[in-house]
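Starting from the given sequences, assemble the full structure and let the hints guide the process.
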Amino acid sequence: MTQAKICGLTTPEALDAALDGAAAYVGAVIFPKSPRHIDILAARTLFERARGRAQVVAVLVDPDDELLTEVGLILKPDLIQLHGAETTERCAEVARLTRAGIIKAVSVSGPSDVEGALPYEAVVKHLMFDARPPEGAALPGGVGARFDWSVLSGRAFDKPWFLAGGLDPANVAEAIAVTGAPLVDVSSGVESAPGVKEPALILAFLKAVHAVSPRQE
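Take the sequence shown: its position 17, counting from 1, is numbered 424 in this note's numbering, and each next residue is one higher.
Take the hints with a grain of salt, since some may be wrong.
What the hints assert, rightly or not - When the alpha-carbon atoms are kept at most 16 Å apart in a straight line, the in silico EDC-like pairs for lysine to aspartate or glutamate are as follows:
id, residue 1, residue 2
1, LYS483, ASP446
2, LYS566, GLU522
3, LYS532, ASP485
4, LYS614, GLU581
5, LYS614, ASP427
6, LYS440, ASP469
7, LYS532, GLU500
8, LYS566, GLU528
9, LYS483, GLU455
10, LYS483, GLU473
11, LYS532, GLU496
12, LYS532, ASP565
13, LYS614, ASP565
14, LYS614, ASP423
15, LYS483, GLU496
Note that these hints are calculated values from the structure, not bench results. Keep in mind that this is a model prediction, so the values were computed, not measured.
Encoded structure:
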């Protein structure tokens, strides 16, 4: 069965909906430019209720060592999602510094981007294929854009990977059917406004995910 990550959670109500709907991963965005940004101390308090029920993911963009140390010591995430221009070497270093598993988000606009992501498999726990943001966008993700899912159809990877970018309760089943994604990630697709998560949409998304299995090749 495909598993889901609900990202950009900032309120108890939204987090509880994710947990009640059996999300396997819950994400805290620690990036001040994002409307989903949450302070590290606030994230520690909020996400404590998720321990033992879902894996906690800290989403960071080109973090320096000071931020990584704070996140590791205070939030203690199970996974760190790197959503910037981090190299394979930097991903490996982040894993060593934090002792957390790494999700490396890769911006996709065509097949070459998928190929370019393959070297990361040696140093990360999961790849995440996300839509490339529009030119000039201030955020590296969470903008509701999607890419041509067919570039992932029939592809095999060494480790379970995430599909992201423009997913919502209405299209996630189709996305899983086309790509065979073992993991899916949503943020803006379960919001009523940027950064405002709707518990009903979260539950609808999770219900849609759990009702379908990836296509078997």
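Here's how the hints hold up against the structure:
| no. | hint | result |
| --- | --- | --- |
| 1 | LYS483 x ASP446 | holds (14 Å) |
| 2 | LYS566 x GLU522 | holds (15 Å) |
| 3 | LYS532 x ASP485 | holds (11 Å) |
| 4 | LYS614 x GLU581 | holds (14 Å) |
| 5 | LYS614 x ASP427 | holds (11 Å) |
| 6 | LYS440 x ASP469 | holds (13 Å) |
| 7 | LYS532 x GLU500 | holds (14 Å) |
| 8 | LYS566 x GLU528 | holds (7 Å) |
| 9 | LYS483 x GLU455 | holds (10 Å) |
| 10 | LYS483 x GLU473 | holds (14 Å) |
| 11 | LYS532 x GLU496 | holds (14 Å) |
| 12 | LYS532 x ASP565 | holds (10 Å) |
| 13 | LYS614 x ASP565 | violated (27 Å) |
| 14 | LYS614 x ASP423 | holds (15 Å) |
| 15 | LYS483 x GLU496 | violated (22 Å) |
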